[in-house]
Structures are given as structure tokens and as C-alpha cells.
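Asker: Residue strings, one per chain:
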Amino acid sequence: MIQFDLLRLGKATRISIADDVRTDLELDKIVAVASNGDRLIAETWMNVLLLGETYEEDVRYRQDAVKDALAHRETVLKMYSISGEVLDRLRREVFFFRTDDPAVVVHEASRGIEIFADALEELITLLRSTPRFSSKAFSDLMESLFANIDEKFIFSAREVAKIFSFDQGIDFSVKLGKYNSLIDPILLMPKEKGSLLSKIFSVGKEYTYKLDPRDEAGAQILYDIERWVLSQVASTILKAYNHIKEFFEELRRQLSFYVGAMNLNDFFDKLGLPRTYAEFEQGRFSFENLHCLSLSISRSGKTVPYSLEIQKDGSFAVLISGANRGGKTTFIKAVGQALLLARSGLFVPAESFYIPNPGAVYTHFLREEERTLSYGKFEEEVKRFRGFVGSLKKGDFVIMDESFSTTNQLEASVVAENVVSALIDSGISVFYVTFLQDFIYKFVTHYGDKIVLLVPERLEDGTRTYRLMRGSLQPGYAMDLWKKLHNSG
Amino acid sequence: MEYESLLGKRGRRASDQVIWDLRISELLNDILGKEKDEYLGALYLEQLDEKDAAVFRLNVFQDMLRKDVYDEVVNFVEKIRECMRILELEKEAYEQHKPGLHLDAALEYIEALESFHEKLSSVKIGSEGLKHFLAYLNSIIESETFRSMKERAYEAKAAREKIKVRVKIIGDKIKVWSYDDGEDLASFIEALFARFKGSGQVEEVKYHRTAGEMSHIHAAILEGAFGFFKEEYNILRKFSEDFPSIIDEGVRDFSKEAEFYISYVKFMRRIEEKGYPFVIPRFTTDGSIKVKGFYSPLLAKIGKAIPNDIETDGEKRIFTITGMNGGGKTTFSISFGQLSYLSKLGVPVPASEAMLPFFSSIMTAFPIEEDKGEELSRLEHDVVRAWNILKSANDSSLVITNELFSTTTSEEGFQLAELFLGELNKKRAYCLYVTFIPKVASLSYVISLVAMPSREEPLRPSYKILPGSPPAEYMAIRIAAKYQLVYEKLKGMLG
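Protein chains in written order, with our numbering: chain A, 1 to 489; chain B, 1001 to 1495.
Read the hints as simulated data drawn from the structure, not as lab findings. Some hints could be false.
Claimed, not checked - 25 Å max Cα-Cα, derived DMTMM-like pairs, lysine to aspartate or glutamate:
(1) 191(A) x 1072(B)
(2) 1051(B) x 1309(B)
(3) 178(A) x 1072(B)
Said to hold, decoys possible - Stretch-level coverage of chain B by chain A, calculated; a stretch enters the list once three of its residues show a Cβ under 8 Å from a Cβ in chain A:
(4) 1176-1186
(5) 1222-1230
Using N, Cα and C, we set each Cβ at its ideal position, and we do this for glycine too.
All chains should be modelled from the sequences, with the hints used to inform the complete structure.
Answerer: What follows is the structure, encoded as C-alpha cells:
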């Protein structure tokens, strides 16, 4: 049996809040570049980027395959186009206009099988002239195809298609059942013309009935019997047709991920973005010169990169606070996007990228329409958060942008403290852009070195650099200021 | 041995008035479905005259209510019908099909009789009706004719199974050979393409045949086949010639009469599924009535029936039903009327417990819709009906009236009621008297029943009809009070 798995997605599906993550992390921009207008690539990419659960070894498996595909660019593209063309031809030439008519089904399916035979032949010929793949994903595919598809198979498939062409008639055996009706029809391989057997048959021992040309009812009945006999084989041949079609669809679907990787690779080249593959290291979350990909796409150029180094076993929280328009949200988007690219096995726009594990990414961003204080909105927010709590697992990442700010600071801080403490203590890491001072103060005090506080960098003269730097708590700062002003007054 | 009817004695058609007032036709639609069988329809309109006749049927029901017995009877009747259908088909069929149809009718018949006899013998049957049929069946099965028909039928079946041919259809030609060998194309295709895994979803191509299976074309193929299997064909043909008629007349009658029981049990099951019970009624001889949890099957099928009780030791036989409007008074009286009607058919009744007299007759007097607006004539009409009822009422009659004498003053209505009920009481007849005049309930010889409001929501009915005195305060006044439309409040507001 032909078996291949270029993606190793397992049984995992998209994460529960896929739509939110897609919007919050601006995945559409990234996918648009990768797909370059190809809807299949876009769909596959969304599925892989938003994958619920995945494992380190599967990520490595995909990383190898991505590298391999970039190295065998022409072959992969050709395979992608062969599978695309065969599906196009089916759309143009095969019509199951009556799925309840076995004669139609059999005829159309066998026409399809003829088309498949051509494509399989082309595919095998292509692969035979291609240098060996190095990744397990692509070598397995090649091996399985060579083991199952050969000239003999292609010949037999074409023979089957020929038997069902219209003018051949049908041969079948039949028995007598209840009411002397005909039962158990078995469609038989036609006896070859001119064979010894068929000659013996044609001598004498044969009953022939010829329809009267005016017998229209008889012709209808004859056609009914034919369809009845064919219905015994129609499901089988339709199944064969569907399975081969599924093979091409699946092949094309899986390949589309790698074609997308080529497109993104070209984009990186164009912009001169750095490129690295994620490495896994326990107790380390760090990156160097990470760019926000969606912003680079929007700007068609490089953006201010970020670096971060956290060496800490277990979970951690990165709190980002401080003046607006300082690049805080861009930072968490960059991190979120990089995590998604990394766990997909794709390259990341950074000099280096270390993560402890390929945990899933969940987002909880304040919606523009929620920027008012109202208990109704607050309830919505809480509900939205509650919506994905059930799916969270140890090692996952939650990225929050101004969560719980639809109520006053006092209340919101209590909620935030409750929520984020629970996440950290459950082994889930958090990136949180927040202005909730009560929360930040209490939280940093309580968790100490599990927390990284980042603030926008400002030069002495007040200029914004859009970089983030480590900040620290400044308790009593306002009081000091008050006193200072008071005194100066 | 002679066949004896499974229905026992027959009755007389109920009066149109009763059928109309008690909504028997609606009930029949539920029991028999829209396409009522004429024979069964007529049977359900016959009221039995004798208690023993009702008991005879109820005993059959006692057996039929057991799932094993019921299933076997249904099965048997279906098989006999199938057999009759095949024999009808045979009359019009092509010569090549005829011996096949005849053989299958016989096979169906033989199997039906034998398995029914065997199954019925192994379960304990109590009713005279079914016991008799079992004995009758036994006499058929033991007969020489039946035995030899069976032997020959199996022989013919075996002969037919030997026939297998190879057919080729090409263009307008059919060729037939005796089958020798050949490679199954479907298996070949299956094996060839098994290397493509697929998603496991199977799309079945279902073909609905557009032509029958017995045409001149099929006959032609059979003709070809018989040419290669002459001996087998002769065995088939000879069976038909030697056993021209298959179904026994008694068996035919039984399968028709059993439908009466089957249709009713099916109806019961549908109602029971909604959580409402049926019970086999017991006929009292001391004049007492004790019916618990009876209800309207018409409401039960939509799950909305509220069960009620009715009881008397036989001393007092007149019931007055008063109380809140829309409180279920009419439903109560119709339901009890239907229950009594059904008990006179000899079928189980919609209640959890039912002990009642075998009423000699059921009489009704309900308002006549088309007379609305002609008050005087309706009052006259009521009086005439009341008198007709009094003429034929006796100590085992059941009289059900609904708002009789209501188109006059309540004082006159009361006086008429007193006269009518007094007479009925003297005759010791049973009566359900639905009225809005509370005073009627205070007559010394009546049992007063009242439609009660809901305990949780006093403005709504509970549909429970319970013994007690008519309420002193009326619901309509409480509703008015809620909107301040009572004297003091109105005065105060208008003040």
C-alpha cells in the first residue's frame, strides 16, 4: 500500500481558538506571502501554523523536509504541478452526472483511471531521474511509490479502463432465486476474442435472443439489467477511483506546505531577513535579532529586531509595560509568529531561536471594540478567556495584549493576578502587555526571577527606539515625584 | 376440523350520535391510520351485546399483550399476506416465472404454518380463541396433503438452485451459456487498486431498478437457462401442476381477523411509548365503578393527557362535573365515554385500573354546533333528547351529557336537571352530567366532581377532576381583581 506522510501532523487538529490566534498574530499576512495566491497552500499553511499539539521530533522531521525541499526545488515543484494537472483534468473530463446510474459511474470512473495511469507514469519517470532525497519524509514517499507503482500496474489499470468502454458489452454469471428472478450477478472478465475457450463456447451450445428493433420497452429493460449488473461493481470501481484521487489530493496537499516554504524563502531573500531553524534546549528561551514578520511584510522591509535571553527551568512570564507606541504589541506578535513558524518546522526570521519545547500558542488580545469600561464587555473578555482554558497544557504559551482592561485597574489587577498566577503555576508561560500597575507590582514581588519585565527604551533626550529593555519596579516613584514637586513648589 | 372465528360473537353498530359525541371516528383514525381497512373499520364500530363476548376477546388480548405471542402472530399474518400477494402475482406472470412464484408462495406458506405452530406450542396460551386455532393448525400440518406438498416444494427449490448461467449482453443481443468458469472482475479491481489507501469513506452506488424483475427480457434469459437445465425445469413445473391451491380457507380467515388485535396492540404501544398505560377492564356485577388514571388517548399521543379517577360503590350513580372553565370537564366525560365504548368492544382500555359494569348501552347528549344562535330550538332539542334517553335507560345504561339545558336561566336549567337526573336515578342508570350550574351538584343522590385549578398557578387549570363541592369563588373574578376590575378598586379609581 502506498504510504507517505510529509507533514507528520498526527491526529492533531487546529487549536480551539484558531480564529483568534489567526487574527491576533496577523497570520493572514504571512500566509499570503507563502501561498502567493494558491488557495491550497494557504489552507495547508493555516492548518499547520495553527496546529494544536505537536512534538519535538515531528518538528525536526518537518525541519529536515523543509531543508530537503529547498534543495530539491525543481522536483518538488514538478510533483506539485503533476498532481495539480491530474486533478484539473478530472474536473474537465470526468463527470459523475448521475451518481445513481451505475453505467455512468463505471464509465466515468474508468475514464478517470485512464487519466490517473498517465499521471502515475509521469510521476514515476520524474522520480527515477531525481537525485536521492535526504529527509525521511521525502525518501519514504519515493520508496513507497517505487514499491507500489510499476509498468505492470499501469498496464493493468489501463486494461480495466478499456473493459468498461461503452461498446464492449458485459459478461456476467447469474443464478435463479425467489420467483425465478435473476440473482447474484457477478461481472466476469470478458473471454478474449479468438481464444480457444471462446471458440468452444460459440459452437452450438449457445442461446441467443435478439431484441426486436421496435421493442422500446425491451431495450429499456435490457439497459436496466446492464445497470443492475454494473451496480455490483460500480462501488468497487468508484472506490478505486476515489482512492487514487485522494492519493493525488493528499500528495498535492502535503507538497503545498513545502511550495509555500519556497515562496517564503524567496521573500526572506528579497528583504534580507535572517533565517534560522528553531533549536530545542531545556530551560532556555532566547532569540537574537528576531523580526516581526507581519510588520516586515506590511512595510516591505526589515524592522527593528528584538533579542531576549531567559534561562529558567519551567514556566516564566514576560510582562511588557510602559509608554504607548513603543513597539510592545509588535514584540509579542513577533514572538507569537516565531513560535508558530518554529513548531511548524519552518525557518524563523532571527539570528538564533531557542525554545524549551514546541508548546501551543494561545492569544488573548483586547479587541478594539472593547476599549470601554463596561461589565458587559468585561464579561465577554472573561468568557473568551474561559473558552480556551480547557485546552491549555503544560509547556504551552499564552500571549496576552491588555487583557482585562475593560474594568477598573483595581478589579482588573485582581483578576489578572489570579489568572496569570494560575497559568505560571501550571507550567504555562505568558507574554503579557499590560498597564495594570497593581498587578505588575504584586506579581513581580511574588514571583521574582520567574518574571521578566520589559519596557520601551527611551534615550536620554526622550527619543523612542522601538526597542525593549529590561525594566524594574520603581515603588514610591509617584510619591517621590509628588514630594519633589511639592518641595520644588 | 372446522375453523372458529378469533373474534367470537359479533355485535351491533353503535349509534351515529354516540360515535359523533365521543369522537370515536377520531379515535379510529388513530387506531387504524388514515387508510382505514373497511373490514376493520366496521368491526370497531360494533358494540358487543354480551359480556361473555367481550371477555372472549379480552382473553385473546391477554395473550396478545405478551411480546412473544404478539410477535409470532404478526409474523404469521405478514407471511400469509405475502403468500397471497405472490399467488396474485402468479396469475399475471410470464410462463417462465409462474412455477417460481408458485413454489415461493408454497415455501412461504409451509414455513409460516410450521414455525407459527412450533412457537405457539412452546408458549403458554390462555385464550380459547388462540387455543382453538393452534389445534386447527395442527390438523393441517399433520395432513397427508401438507406433508407431500412440503416434500415436493423442497425438491423443486433444490432443483432451482442448481441453475447458473453465463450471460453476455452486447448491443441488442443477449447470449446465454451454461456457466463454466470465469474471473470475478470486481475482485480483480479491488485487488489491483488496494495499494491506494483512501480515507475509508465508502461511497456506495445504490441503483434503484427502473424496470420490474419479471419481464419478457428476463423470461428470455430464463428460457435460455431452462434449455441448459431441462430436468430441473420439469421438477419446478410439475410442482405447480400437482399443488394448484395452497392456502387453507381457515388460515385465510384467521389472518384477516387477527388484524383486529394487531391493529389495537400497535395503537396501544404508540400511546404507551408516551408513558400512558392500558389495562384489561374487569366487569363488575355489584354496580360499582373503580377506574383509576383514565385519560384521553387523543391527548396522550401528543403527551398532554392528564389522568383522572372515577369511583362509586354503586349506590350513587349520577356524577356532576362542575368547576373552572377550560378545566377539562368535557375531556373528562368524553374520555370516560371512550373508555366505556372500548370496553364494549372487548379491547384493553386507556387507564391504569378499570373495574366497571358491562354497560348495556351508552347514550350521549352533547351541544349541537349547528344549532347555535337558535336558542329556543336547542333547548327544545335538549328536552327531546333527554326524554329519548329516559325512555331507553335502564340500570346498566351509561348516559353522558355536556351542558344540557344550558340555554335557559340557571334556575330553569337547574329545575330541568333535577327532573332529568331524578328520573335517571330512579332507573338506577349511570350518568356523567357536565354543567356550569353549581346547584346541580348539591342534589342528594349525586357525586360531585370538580375541575380544579393548578396549585402552583391558581389562575390556570390543573385538568384534575376531583370529588368535592363546587368552588364558592370564581376564577373569572380573581382575574378581574388582578386588573383592579372589582367593585371597591373600580370605585376607588373612578372615585
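Asker: A separate judgement is required for each hint: does it hold in the structure or not?
Answerer: Evaluation of the provided hints:
1. 191(A) x 1072(B): Violated - the C-alpha atoms of residue 1072(B) and residue 191(A) are around 51 Å apart, more than 25 Å.
2. 1051(B) x 1309(B): Distance of about 23 Å is within 25 Å: holds.
3. 178(A) x 1072(B): holds (23 Å)
4. 1176-1186: Check passed, 9 qualifying residues.
5. 1222-1230: holds (count 6)
Checked against the numbered hints above, the structure breaks only hint 1 and satisfies the rest.
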